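Engineer: For chain A, the structure is supplied; the task is to place chain B on it using the hints.
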Amino acid sequence: MEAIRNPVILISLIIYMLLCIGIGIWALRRTKSTSDFFIAGRNLGVMVTAFAVFSCTMSGFGFVGGPGLVYKMGMSSVWMVIASLIGFNISFFLLGKRLRLFSELGGSISLPDAVALRYGNKTTGLFIAIAIIMGVMGYLATQILAMSIVLRDILLQTGIVESISLGTTMILAGSILVFYSVTGGIIASVYTDIIQGSIMIIGAILIFFTVITMYDGGLASISQTIFENDREAIGPWGTLGMVGCLSWLFVFGLGASGQPHVITKMMMNKKVSDARHILPVSIFGYFFSALLWISIGLVMRALVLKGMHPELTSADTAASQFLQYYVHPVLAGVVFSGLFAAIMSTSDSFLNIGTAAIMHDIPKAMGIKIKNELYWARVTTFLLTLLAGAFALYSGDLIAILGAFGWGTFAAAIVPVVAIGFNWKRATPVAANTAIIVSLGINFLAKLFKITIPFGIDIGAISLIASLTLFISISLLSAPPKLDKNVEAIMDI
Amino acid sequence: MRKPFIVFLFILISLIVILAGLIILPSKSIQVQAQHDLFPTMLKSVKASQSTLTLWLAFFFGIFSICLFTLFLYIGLSGKNFNRKKLVVIVIGLIFYAGIFSFGFASYLRYIQNDSLRIFLGFPAPTAWMLYGIWFFPLFFTFLYVIKFNDWVLKPNDYQRLKEIMKSRERRETRNP
Chain A
1 MEAIRNPVIL ISLIIYMLLC IGIGIWALRR TKSTSDFFIA GRNLGVMVTA FAVFSCTMSG
61 FGFVGGPGLV YKMGMSSVWM VIASLIGFNI SFFLLGKRLR LFSELGGSIS LPDAVALRYG
121 NKTTGLFIAI AIIMGVMGYL ATQILAMSIV LRDILLQTGI VESISLGTTM ILAGSILVFY
181 SVTGGIIASV YTDIIQGSIM IIGAILIFFT VITMYDGGLA SISQTIFEND REAIGPWGTL
241 GMVGCLSWLF VFGLGASGQP HVITKMMMNK KVSDARHILP VSIFGYFFSA LLWISIGLVM
301 RALVLKGMHP ELTSADTAAS QFLQYYVHPV LAGVVFSGLF AAIMSTSDSF LNIGTAAIMH
361 DIPKAMGIKI KNELYWARVT TFLLTLLAGA FALYSGDLIA ILGAFGWGTF AAAIVPVVAI
421 GFNWKRATPV AANTAIIVSL GINFLAKLFK ITIPFGIDIG AISLIASLTL FISISLLSAP
481 PKLDKNVEAI MDI
Chain B
1001 MRKPFIVFLF ILISLIVILA GLIILPSKSI QVQAQHDLFP TMLKSVKASQ STLTLWLAFF
1061 FGIFSICLFT LFLYIGLSGK NFNRKKLVVI VIGLIFYAGI FSFGFASYLR YIQNDSLRIF
1121 LGFPAPTAWM LYGIWFFPLF FTFLYVIKFN DWVLKPNDYQ RLKEIMKSRE RRETRNP
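Chains as they are written, first to last, in the working numbering: chain A, 1 to 493; chain B, 1001 to 1177.
Warning: the hint list may mix true and false statements.
Claimed, not checked - In silico lysine to aspartate or glutamate, EDC-like type, Cα no more than 16 Å apart, as pairs:
id, chain 1, residue 1, chain 2, residue 2
1, B, K1163, A, E104
2, B, K1044, A, E228
3, A, K485, B, E1164
4, B, K1080, A, D492
5, A, K485, B, E1173
6, B, K1047, A, E228
7, B, K1155, A, D492
8, B, K1080, A, E488
9, A, K271, B, D1158
10, B, K1167, A, E104
11, A, K425, A, E488
12, A, K306, B, D1037
13, A, K485, B, E1170
14, B, K1086, B, D1151
15, B, K1163, A, E488
16, B, K1163, A, D492
Keep in mind that the hints were calculated from the coordinates and are not lab data.
For clarity, every value in this text was computed on a predicted model and none was experimentally measured.
The following block holds chain A by itself, in its conformation from the complex (with noise of 0.2 Å):
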């Protein structure tokens, strides 16, 4: 069995880069404007939506890193995860309906767009696109190394090469991306999201499954052996202490209504209704493929401790070495793709987002009108794409801050213009742009700074609680805005 684990796993991968391949193809002929190519013509399907939302939601990092964490800190980060599940309930109370309707008011096909729209002032538009290129060039460098990353571990473990450079599978895997990305734009990007999703929920199903059956006792066992070693890595809080998962759960409970790449996701839907469905659809498939980040952090920390396993080099090869040891070839090759589609869905959506607010919104904001908006589009997709690896491959430290910049960025900056402001009349642009410019400045000098707050408080809760508290004070402060009557009748519905 062992011998044919390499080539399973291999042939995967292939199968479901051909599989990504053929949806961009399908795609292509289905992509007709920039309707289609950045909102899908508003056009999709409950699963279809539910699916592109949980998928772009767990990044490579859940599948990487999340486990990664888990083995380093017990139970700290699966305060991440907790959140999401009212993560996803504030993102659709509060946007699952506003931001289609304010879609279909305005023609929006992106973010920016419809807060222009909203508060009646480009400015604000302007800045909630600044925000998302700064949040998606550190993402997405972040995202295209770590599948360059994986795809190289892939090649040299299976032997197929015996040695092969980070450049060199950063172009096979950014090709493939950029492939379907460039053909079909967000209508590929999310029916690739539901092979993605799949293999993602089957994969983590199979591997919480796989790790209770192979650890003799089960998870009592786990707990016990981990409590034994040190009590508060399986308590509640983890290493990290409860100060810091809480501030975890406050910016990734409240910040999900904040994150462009998934908000956007609920502009694409076909009926305003539709929200009803995606909801519980989006939480589930969530839920299912965070049993994965749970269960093999756990598992390896345990193996470890008990000393059945070597020590790792470094956590974040928890996933790899559970998947290279203790899992069945087929199960491994399906987790491996798995693994590769939550880095591709997640990169996509930003490659789209960031597309629309470099060739849609900046232009727009500042007066200026592109023709064939199509095939710019397409164009600047590739270079985004070319932009970001070259970013990836030799910015350095500035990765690292633009990659952590990211969730808390997003957070900070969005909610108050779009999750609260969206709701609330009395919410002006003067609020708008200042919490905008102020949650930007905070999270920017933080990282420069290498700023870090007692108690592993995280920087994002700092920020988001401070733009929240200006966006707020500001708006009741200030005079009433005068809104367009369009604008107004749609936030009475």
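Structural biologist: Positioned in the frame of chain A, the structure of chain B alone reads:
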């Protein structure tokens, strides 16, 4: 619609005060974790960081965070007119949600004082509260969203209203192309 935002501001200020308290007030140690003695790729907890004051401040941070979560849900659900039923259901959700968090916290206080390990469905009791309670409770709100969608989120006459708004927009665009 002004009142919820006054409450919102109150919760945010409370969170700022708690965070300031955590950072400013004297504590045995602010270092919460350190490298594991035997396995450098793992971290271990630092017991000195477990002061009672820190834990209680963290507890209130959690309670106010939960209040903010449910307030967000209420803002999303509340329409143009005040609806007492919506408020009551969300408040009931808040009470249960905060209650589960409080029980989990009480279980954790017992956990750090006792040497014995009580396992519930594979995890120590306070961890089980966190996983099976705090993680899963928001399904109550999901259930609410699904079953009350046509009454509370998008009423049948809202579709008609949307059509009228779109027509009015089209008329305006035809007049001012």
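Engineer: If a hint holds in the structure, say so; if it doesn't, say that too.
Structural biologist: Here is how each hint holds up against the structure:
1. B/K1163 with A/E104: holds (11 Å)
2. B/K1044 with A/E228: Roughly 12 Å between the alpha carbons, so the hint for B/K1044 and A/E228 holds.
3. A/K485 with B/E1164: holds (12 Å)
4. B/K1080 with A/D492: It holds: about 5 Å lies between the C-alpha atoms, which stays within 16 Å.
5. A/K485 with B/E1173: Answer holds: A/K485 to B/E1173 is near 13 Å, not above 16 Å.
6. B/K1047 with A/E228: The hint holds at about 15 Å.
7. B/K1155 with A/D492: holds (12 Å)
8. B/K1080 with A/E488: holds (11 Å)
9. A/K271 with B/D1158: This hinted pair holds, its Cα atoms lying about 13 Å apart.
10. B/K1167 with A/E104: The hint holds at about 12 Å.
11. A/K425 with A/E488: Judged against 16 Å, a Cα distance of about 7 Å means the pair holds.
12. A/K306 with B/D1037: holds (15 Å)
13. A/K485 with B/E1170: The hint holds at about 13 Å.
14. B/K1086 with B/D1151: The given pair, whose Cα atoms are some 10 Å apart, holds under the 16 Å limit.
15. B/K1163 with A/E488: At roughly 15 Å apart (the allowed maximum being 16 Å), A/E488 and B/K1163 satisfy the hint.
16. B/K1163 with A/D492: Roughly 14 Å between the alpha carbons, so the hint for B/K1163 and A/D492 holds.
Every hint from the earlier list agrees with this structure, and none is contradicted.
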